[in-house]
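Visitor: Protein chains in written order, with numbering that gives the first Met the number 0: chain A, 0 to 377; chain B, 0 to 456.
Derived by calculation from the structure, the hints in this document are not laboratory data. Misleading hints may appear alongside valid ones.
[To be verified] The calculated lysine-lysine pairs, modelled on BS3-like cross-linking and capped at a C-alpha distance of 30 Å, are: (1) B:Lys122 to A:Lys362; (2) B:Lys309 to A:Lys283; (3) B:Lys349 to B:Lys330.
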Amino acid sequence: MGDHDFEGFDRCAKCGICLAQCPVYKESLLEKASPRGKIQLAKFYREGRGTLSEGYRGIYGQCLLCGACATVCPTGMKAHEIVLKMREEIVGVRGLDDRGSRLVTSILRSHNISQEDNQERGEWREELKTLPGHRYEKDRAEVAYFVGCVASFFPMVQKIPRNMSRILDQAGVDFALLGGLEWCCGFPLLAAGAPEKVPEMSRHNLEVVRRLGAEKVLFSCPSCYRTWKERYDTPIVLQHTADYIHELIQNERLRLKPLAPLRVAYHDSCDLGRQGGVYDTPRKIIQSIPGVTLVELEHNRAGSLCCGGGGNLETTAPELAGKLAKAKIEEIQQSGADLVVTACQQCVRTIASSARRQRLDLKVMDISELVCMAMGPD
Amino acid sequence: MLPMKIQDELRTLVGEDGFFTEPEDLASYSYDGFVREFMPDAVILPRSTQDVSRIIKVADREGIKIVARGAGTNLSGNSVARQGGMIMSFTRMNRIVEIDIANRCAVVQPGVVNADLQKQVMKKGFFYPPDPASMAVCTLGGNVALNAGGPRAVKYGVTRDYVLGLEVVLADGEIIRTGGKTIKNVSGYDLTRLMVGSEGTLGIVTEITLRLIPLPKARKTLLAVFSSVEEVAETVSAIVGAGIVPTTLELLDKVIIDLIRDVGGASFPPNAAGVLLIEVDGDEDAVEKESRKVADFCRDRGAVQVDVAKTQEEADRLWQARRSVGGALYKVSPSVVVEDAVVPVSKLPKIIHTIGVLSRKYNLKVGVNAHAGDGNLHPDIMTDVRNREEMERVEKFIREMYEEVIALGGTLSGEHGIGIGKEKYMSLEFSRRSLDLMRGIKRVFDPKNILNPGSFL
Numbered sequence: 000m001g002d003h004d005f006e007g008f009d010r011c012a013k014c015g016i017c018l019a020q021c022p023v024y025k026e027s028l029l030e031k032a033s034p035r036g037k038i039q040l041a042k043f044y045r046e047g048r049g050t051l052s053e054g055y056r057g058i059y060g061q062c063l064l065c066g067a068c069a070t071v072c073p074t075g076m077k078a079h080e081i082v083l084k085m086r087e088e089i090v091g092v093r094g095l096d097d098r099g100s101r102l103v104t105s106i107l108r109s110h111n112i113s114q115e116d117n118q119e120r121g122e123w124r125e126e127l128k129t130l131p132g133h134r135y136e137k138d139r140a141e142v143a144y145f146v147g148c149v150a151s152f153f154p155m156v157q158k159i160p161r162n163m164s165r166i167l168d169q170a171g172v173d174f175a176l177l178g179g180l181e182w183c184c185g186f187p188l189l190a191a192g193a194p195e196k197v198p199e200m201s202r203h204n205l206e207v208v209r210r211l212g213a214e215k216v217l218f219s220c221p222s223c224y225r226t227w228k229e230r231y232d233t234p235i236v237l238q239h240t241a242d243y244i245h246e247l248i249q250n251e252r253l254r255l256k257p258l259a260p261l262r263v264a265y266h267d268s269c270d271l272g273r274q275g276g277v278y279d280t281p282r283k284i285i286q287s288i289p290g291v292t293l294v295e296l297e298h299n300r301a302g303s304l305c306c307g308g309g310g311n312l313e314t315t316a317p318e319l320a321g322k323l324a325k326a327k328i329e330e331i332q333q334s335g336a337d338l339v340v341t342a343c344q345q346c347v348r349t350i351a352s353s354a355r356r357q358r359l360d361l362k363v364m365d366i367s368e369l370v371c372m373a374m375g376p377d
Numbered sequence: 000m001l002p003m004k005i006q007d008e009l010r011t012l013v014g015e016d017g018f019f020t021e022p023e024d025l026a027s028y029s030y031d032g033f034v035r036e037f038m039p040d041a042v043i044l045p046r047s048t049q050d051v052s053r054i055i056k057v058a059d060r061e062g063i064k065i066v067a068r069g070a071g072t073n074l075s076g077n078s079v080a081r082q083g084g085m086i087m088s089f090t091r092m093n094r095i096v097e098i099d100i101a102n103r104c105a106v107v108q109p110g111v112v113n114a115d116l117q118k119q120v121m122k123k124g125f126f127y128p129p130d131p132a133s134m135a136v137c138t139l140g141g142n143v144a145l146n147a148g149g150p151r152a153v154k155y156g157v158t159r160d161y162v163l164g165l166e167v168v169l170a171d172g173e174i175i176r177t178g179g180k181t182i183k184n185v186s187g188y189d190l191t192r193l194m195v196g197s198e199g200t201l202g203i204v205t206e207i208t209l210r211l212i213p214l215p216k217a218r219k220t221l222l223a224v225f226s227s228v229e230e231v232a233e234t235v236s237a238i239v240g241a242g243i244v245p246t247t248l249e250l251l252d253k254v255i256i257d258l259i260r261d262v263g264g265a266s267f268p269p270n271a272a273g274v275l276l277i278e279v280d281g282d283e284d285a286v287e288k289e290s291r292k293v294a295d296f297c298r299d300r301g302a303v304q305v306d307v308a309k310t311q312e313e314a315d316r317l318w319q320a321r322r323s324v325g326g327a328l329y330k331v332s333p334s335v336v337v338e339d340a341v342v343p344v345s346k347l348p349k350i351i352h353t354i355g356v357l358s359r360k361y362n363l364k365v366g367v368n369a370h371a372g373d374g375n376l377h378p379d380i381m382t383d384v385r386n387r388e389e390m391e392r393v394e395k396f397i398r399e400m401y402e403e404v405i406a407l408g409g410t411l412s413g414e415h416g417i418g419i420g421k422e423k424y425m426s427l428e429f430s431r432r433s434l435d436l437m438r439g440i441k442r443v444f445d446p447k448n449i450l451n452p453g454s455f456l
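Just chain B, with the same shape it has in the complex:
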């Protein structure tokens, strides 16, 4: 618990309705989308950069730990107070400051919901591509902190590729600006890109300048069903090799297909062992041509079924298979541990095979859905977190899977972040020297270790 005098000081800064210490308030900020939960000592909701700066000056003076939080949808435990302290919730700093058409960018506060920005820029004929699954609710501040991706990353990249500039409050309360509204900027170290994906450990982002691109005029969705996962991988390679870059290339493996078929959601032929959900976008002519070509690639490589959506309703129906995955998983298991690994695209069949082998070895039910175009896969481990013995097997499964992922030239996380979920695997991917460099950077930015302490470093 924070001393009463400090509570009063913080309450004075943000007002009665912006500072909370009642047990039920604390409990409601003790969790996010990850499994583990920690009770904070206080919750504070700033309304401006100045608020944030003043709060952090108090935190710096008193040594109070600060964990920034957007909508709390992350899957890596990055918005819970692992070492206690204060949750700083940004949901009320949710103003779109400007949409600057001349410079093709948007300036937003960190609490703006991703989908709200998408909607506003679309009205002006522009496009902000990063589309995490939680985009209807997750905040852009959270997206920046975790460098969020999404299905469209295969063509359009991830959050980092759109952040032009930031306003950041440092760990002593000083406010700095990085980058600006220009696409080109090679002056000095790239602090903007360093902040993106730093998981709230280096500074608190209070304003974001995001690059926008023209809205594609047309879009087409296809769904192809294959009888082997190798055929799926060959098709993906063929599409990429032909110079076509689809907007999305989503893969569902046999475990997921069978699950969706069993619990309802979509129907597939009995021999389906892999499904690709493909979307292409661009000018109308190009989309027409590319979708035909993609359909041919699929058929030539053994697809047993190829559906091309003619209308938006048909496209929605095809997406239904992908959308029903989450619900289907929870229908058959009390808990689902969603992992997030990346391998080079050509290694996808290998890692899916390994996951099958490991799931049999540890007697676990594991399905895979993947953003196949960029090699980012989400193994879904169907389990029960209350079952301690099974959770031990889950742990072993995950470690061995990541050993293989790293051996194949991949990485521990594509878009969920490391947080408190995967910090124990960091030494698989990074040498001691690399980790020391990261810790050194952390010390420069946050010498008292008050920003999201206990996260991945």
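This is chain A alone, in the form it adopts within the complex:
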């Protein structure tokens, strides 16, 4: 199986503790959907006991890559990493399926996941109340803000970069966008089983940031952040905006005003929490706003339930992803919070879309929006 070390399979004790954590398994209640099942089937394949049928593609397609299973594994197995390797193997042996092929072709051609002209990445700026002459595209800047495809192209979450621009301006940060030169980080390629295309993306993005002379790259997208951290070999400081905003508040570069009493639940996104290890700063930001009370969801921090938006599941198994989003929303409603905040555009989009489909009056926003509310009127 390529260059990968698959020795780790034998470390799976088959104890099944991971089944209790896996949102995908809990829906179908079929062993093949569980982390243990996916590890054991990969082992079968490696040992030459199974051929890679289309059935395998279906099985490995049904994973959120949320990593919840790994948090309880007594032997330290990371099933989500095995899933990525198996997706790659399936693509290697059987090729991409139509959907995967469209996605990969689109990213390689237009450099984003939306099949749009990449020059339109910065369209969200048009709705800013004040837009400086340089439109945040500069020759040199201390900080580069990597917006990511979803927040660039999906209207529902375009307010994230708008709010971030306002926050960074307010704090006097010398920052720049990469505009049409920002390419997809490569995460969707990894998830689709085509990791060999990622270096093309990373080389380009790193070169653009280097030309800018930036000392730091900021990400409001936890998946871009994770991909850069894991796959981009660079000495440049990489930081999620939750950590950065918290720093700005601590250094008193950002002052937050009281809000009318508000109970705010925080939802830990998989890539920022379990994968990025960022749990505390979003909570500290919420708690630093006078009038706001932080509410914990039943499953929180490393035990957080995925919103259903992870691992390309929305495209491979939309019905399942919808059920998981519904479960997330039920948990939010049970918390009694007035509003749920997260630090991930994908979670905002998934939760808001599901609430809209269910005709529920559920308020969900990115942490940057809550911070802007506490900065007062623009």
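Dock chain B against the given chain A, drawing on the hints supplied.
Guide: Quick look at chain B alone, frame taken from chain A:
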């Protein structure tokens, strides 16, 4: 492979999404928590008692072997198709039918996860005590089939002590009920208790009535470190002798302590040779008094360190030592064979000593963690199942250990079951006549031998 005509018939009974014969589906039901694996011919997921009955009627007619399976967490190979046939997975029969407060019981389908029931009854101020280590995922049907226990068994007993009644589908598809919702019931032979722990060999349980007890109001956790395992045993005897029945009395031996210290998980003094993790529960006053008394017993008998948790966080920290055992074992060895023996409580030091002697004799690394309060010990043999020569030594070690266990008045299994792992040792514990009686019972219930065949009989 089952004939296509029968496959079609079974598929019609449960629908497309309840019957599987694709290789990858079969492979994913070829294993459980035990070492050995067997490929089934089909996998079927019933949704109701009627489904189960109809499926078994087909199996009876065609002679198809049936192995019932919950979450597949058992450590005795009881949910794999040793002789082929069909895996019947109960994960989709997972409804809590009712929580009957007036009669202090719960009625559940077999696929309900143990921890889910615990959570629901706790909300109503009640308690279902059996707590196998896999409780977050294992099913109550599996718990009944294997008569599962757990750390709390020392005070509260095992699954059998809570099963009041069952609905069972027999090997010809007929549905019977045993017991009911009453605690007292001495009418006829006790079929309920016979079914519990019968490892899926006598019938298929489709509904379970479980006794509930009031939820204890308070709980306290202590951790005591000793410099010799004899001191640990004396302390256990003293606690039990003083009329205090702790909820848990967990023992870790020196091999395990050193291992956890080496690979991380918890820290212990350098001379630690035995650790007791003790929990008491009950009314607040009693818990306060008992925990002080237990701490004194430990100190009086030479404990070099006694920690009493003041908060839930501190209690969680003390439990961390116990919880880190599994991970620590796998950090140092590719495979771990977990055994499950029971001796009378007073014989614990003797058997731990024997295990030390045997592990040196066969040059194996073996740690012991034990539910010391009820004499149930889990020797963890750190090995590599791919190493045939070493596995032969492991086999010899296990046989000699069980010979000693039986000689001390113990038994082959406390809570994991016999299954396909320990059937070869049955003659150590049972006379030929006893085994014949068991086989006779099996024949009465399952004359065609289609229910979990090849298991312990």
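Visitor: Does each hint hold? Answer for all of them.
Guide: Consistency of the hints with the structure:
no. : hint                 : verdict
1   : B:Lys122 to A:Lys362 : holds (29 Å)
2   : B:Lys309 to A:Lys283 : holds (27 Å)
3   : B:Lys349 to B:Lys330 : holds (29 Å)
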